[in-house]
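Asks: One-letter residues, chain by chain:
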Amino acid sequence: MSALKKQSDSKRTPAVALRAERELHQIAARVLRLAKERGVPETEVHIDETIQALTRFANNTIHQNVAEQGLVVSIRTVVEGCTARVTTNRVDEDSLRSAIDNCLSLASHQPKDPRLLPMPGKQKYGAVRHFSPATAALTADDRARAVKNACQFAEKRGQVAAGIFSSGQSQSVLVNSRELSAAYRQTHATFSVTMQQGSAASWAKANSGDVRQVDPPALAKIASEKAARAQNPVECEPGKYTVVLEPAAALDLVGFLFYDFAATAVADKRSCLSGRVGKAIFGENITITDDPYHPLQLGAPFDGEGIPRQRVVLVDGGVVKNLVYSRRSAKQAGKKPTGHGFPLPNEYGEAPLNLVVEGGKTSLEEMIASTDQGLLVTRLWYIREVDPYEKIMTGMTRDGLFQIEKGKISHAARNFRFNQSVLKMLRNVECLGPARRATGEEAFEMVVPPMKIRNFHFSEVTKF
Amino acid sequence: MWDYCGHSLEVARLRGATYADVRMMHHRQRDLTTKSGRVGTLGQSDSIGLGIRVVANGAWGFASTDQLTRDGVAACASQAVAIARSSALAKKENVRLAPEGTYIDSWQGPCVKDPFELPLESQLDLLLAVDAAMRQVKGVTLSETDMQFRKIDTWFASSSGSQIHQRRVTSGCGIVATAFQGGEIQKRSYPNSFGGQHVLGGYELIEAMELLRQAPRVAEEAVALHSAPQCPEKAGTLILGGSQLGLQIHESVGHPIELDRVLGQEANFAGTSFLTLDKLHNLRYASPIVNIVADARMAHGAGLGTFAYDDEGVPAQCIEVIRDGEFHGYLSSRETAHLIGLPRSGGTVRTEGWNRLPMIRMTNVSILPGPWTFENLIADTDDGILMDTNRSWSIDDRRYQFQFSTEIGWEIKGGKKGRMLKNPSYSGITTEFWNSCDAVTNADNWVLWGTPNCGKGQPMQVMGTGHGASPARFRNVKIGTAFSNQ
Chain A
1 MSALKKQSDS KRTPAVALRA ERELHQIAAR VLRLAKERGV PETEVHIDET IQALTRFANN
61 TIHQNVAEQG LVVSIRTVVE GCTARVTTNR VDEDSLRSAI DNCLSLASHQ PKDPRLLPMP
121 GKQKYGAVRH FSPATAALTA DDRARAVKNA CQFAEKRGQV AAGIFSSGQS QSVLVNSREL
181 SAAYRQTHAT FSVTMQQGSA ASWAKANSGD VRQVDPPALA KIASEKAARA QNPVECEPGK
241 YTVVLEPAAA LDLVGFLFYD FAATAVADKR SCLSGRVGKA IFGENITITD DPYHPLQLGA
301 PFDGEGIPRQ RVVLVDGGVV KNLVYSRRSA KQAGKKPTGH GFPLPNEYGE APLNLVVEGG
361 KTSLEEMIAS TDQGLLVTRL WYIREVDPYE KIMTGMTRDG LFQIEKGKIS HAARNFRFNQ
421 SVLKMLRNVE CLGPARRATG EEAFEMVVPP MKIRNFHFSE VTKF
Chain B
1 MWDYCGHSLE VARLRGATYA DVRMMHHRQR DLTTKSGRVG TLGQSDSIGL GIRVVANGAW
61 GFASTDQLTR DGVAACASQA VAIARSSALA KKENVRLAPE GTYIDSWQGP CVKDPFELPL
121 ESQLDLLLAV DAAMRQVKGV TLSETDMQFR KIDTWFASSS GSQIHQRRVT SGCGIVATAF
181 QGGEIQKRSY PNSFGGQHVL GGYELIEAME LLRQAPRVAE EAVALHSAPQ CPEKAGTLIL
241 GGSQLGLQIH ESVGHPIELD RVLGQEANFA GTSFLTLDKL HNLRYASPIV NIVADARMAH
301 GAGLGTFAYD DEGVPAQCIE VIRDGEFHGY LSSRETAHLI GLPRSGGTVR TEGWNRLPMI
361 RMTNVSILPG PWTFENLIAD TDDGILMDTN RSWSIDDRRY QFQFSTEIGW EIKGGKKGRM
421 LKNPSYSGIT TEFWNSCDAV TNADNWVLWG TPNCGKGQPM QVMGTGHGAS PARFRNVKIG
481 TAFSNQ
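Going down the list, the sequences are from chains A and B. At position 194 of the first sequence (counting the first as 1) the number is 194 in the working numbering, and the numbers step up by one without a gap. At position 79 of the second sequence (counting the first as 1) the number is 79 in the working numbering, and the numbers step up by one without a gap.
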């Protein structure tokens, strides 16, 4: 709530509101009516409205400050086994009619797809509450004040702050001509801060559906204290190290596995899980679920076709138990859809987007205390796939790499490049901390614990 | 269009803005993909809106809207001014803009065959035929093709009096064959990986790529990689194919020279740069045979970074980045030009769309051709590895240490191209690497490659950039580390 504490009502910049949900349903109904007039047998309408604002700061001052508002209507038609999608941000009747005609034209110029399924009918959805009025009410002045405080905090310590404070709200309505109707709205807030001291830097970031769960002063303090400790880094030899990954670092590596759990990716033989489903390929302490109903998760309770999202256990005790399925991939595999499909038409099928890695009871401090020689990793950067089947990823450490000696942080260390198989990494997890909602820059947000891992491979060192 | 632009500028002025510029943009896009003989994505999008950037109380504000009415754009302009006043709460100095002329102009990029006016069937038929041709090769387990077309109209107006309309059509295509065998995935792409080749132009690009003719070779190489030996780990001579050199330029020259990064404005996200201001005119970036420019003019070619005016209304320019190996130029904006002693912006400010703030972006950052024919370069190489088509790329947040891997490699022995190598990779430190360049091939081998997926900024903006490159040779490079100790 700290971002809201000092706001002055008399000078507040106005908050902008989403349309009433019924207005989106009215637009959708208009599209269905126009399509029916055109004789379209099946039509799907997906409407997204977004209001976003982002205050960006660097060198202890705001240098970018933006706001956007937009509504997009996405229409899919099906005629005789052919489908296509057209998207527009114009909602007058002529524009919608034109979008439908374009969609029909696109669909009619392709071969019939014998595997195309009829659109689904009415569905029942689980309840999720991801809309926070306090977050929706956040103004540019509120964000500016929080940023100003972080910048002043930095200046007092001889540091330089950079980062963002963003907030927004969005809503989606998905309907089709078979009476499926789904709606969802959410808010979000993110504060991210980098504190620079001389040539050293450190970082902290949080994201939530509720701005009251985001504490900019606390994040600024964490980044500031770590930047102060990051001075005069020593150069360590490349090699295999025991590492303690903070949640953001663990997130950015484990997050790269998400598409491997798609049944379509496995069928296409481009997943690292091809031939490995049902096998114990991770350590016994690794359990991963996809759970849109977890209290720390955000996201709609339905997928791109309007199918309810299910909680799916992907990995249980190190064994790959399940994949996620769209309607099409489920039919091909003789399974039930799990509600993870992307909007059609697409070539990728589906993916889990609400990963939850089960945590343990070891605190970050206990992980450090139990490490004789190792490295504490704040954050990873520029992660890319080197080998898709062994899931070897490369990337850099960034904004706070610290050497651990005899159970204590001894020095800052120069940043390393890693080349590490994520599959092997998850066989080498010695202990896990409590899971929390983590956010980085490489993977989407997920619930993940800090991890202590042995034999993590750093291949080269950089100059800072 | 001009009415909405003018009205929003007037409202901004009345609300107290001391400077304002507005971009109204109409963005049309068509995406086609196939996978293993079936249509994958088939979609078209259409987006129109207006974004206004203002200076008020000496600070920046930006707002955008899709409400294209006089009331809608007026509310947007008012919001931008209110945001600027909020920015001023945490302001150090007033925004200062380099002077720029006033332009009334209209420009259209090259486009011989408008892809939006051509029959969709012919586009899909070609992709499906190419897809089928790849699958005819035994061992191919996945075949993929794609085309992407964009048509973007921009109406720019500023409180200084400029009114500029630009139309840019871009076209791109790519094909990929993947072979899964024995616990290993190998793939080959053409004309480039991660979406293929993209240029400023129409369907003529697609025709020039001869996708159907290339498909069997692409598929055969994907399968053959499974029988190829692993790229060795060593320090040695490296020859980079043109598309890979283009990405090398993008990551280790294009991003480090962005002045906003240098000044710390990207410190929290994209990172900073080792190219601190003291290095301007004072750093041997590369060997003396290396010359690199950032050139947005049509004279350089029809690339993804080609335009007549940037999104601040500054005319396209050619910036000398590296001359004879020495570092001489950053990518700058009207706000940052004075910090490096320039009388005006380098004209490199661009935006992804109407709802995004324009920021410093690469234009066409290209290495100029050298004197070598490709054949002479190979013949002159006693022991080396030729690497082509990017598979992965990664570089640290100050752009020193990088690692790239490519889809394919070949041994060069005794001046001849020898056996194929799988899983090639190389790594290094930016300036050490560029200083090890001892040969650049000539204009016959030079291609203006398009990178359609450069991400920067918050909110994220994806931008297309151009990189002219011809194959080049580097000595004593660290090769093969990506797969060592696995």
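None of these hints come from the bench; they were simulated from the model. Keep in mind that the hints are not guaranteed to be accurate.
As a list, the in silico DSS-like pairs of lysine-lysine whose alpha-carbon atoms are at most 27 Å apart [claimed, not checked]:
1) A:K240 with B:K422
2) B:K92 with A:K240
3) A:K36 with A:K148
4) A:K148 with B:K92
5) A:K221 with B:K279
6) B:K92 with A:K269
7) A:K463 with B:K478
Everything numeric in this text was worked out from a predicted model, so none of it was measured.
Asks: If a hint holds in the structure, say so; if it doesn't, say that too.
Replies: Right, here's what the structure says about each hint:
For the given pair, A:K240 sits about 25 Å from B:K422 by alpha-carbon distance, which is consistent with the 27 Å threshold. Restraint check: the Cα-Cα separation between B:K92 and A:K240 comes to about 45 Å, which exceeds 27 Å; the hinted pair is violated. Pair hint A:K36 plus A:K148 does not hold up; C-alpha atoms about 54 Å apart against a cutoff of 27 Å. Proposed proximity of A:K148 and B:K92 is supported: the alpha carbons are some 11 Å apart, at most 27 Å.
For the suggested pair A:K221 and B:K279, the alpha carbons sit about 33 Å apart, so the restraint of at most 27 Å is broken. A hinted pair counts as satisfied when its Cα atoms are at most 27 Å apart, and B:K92 with A:K269 does not qualify at roughly 55 Å. For the hint pairing A:K463 with B:K478, the CA-to-CA distance comes to about 16 Å; that is within 27 Å, so the pair holds.
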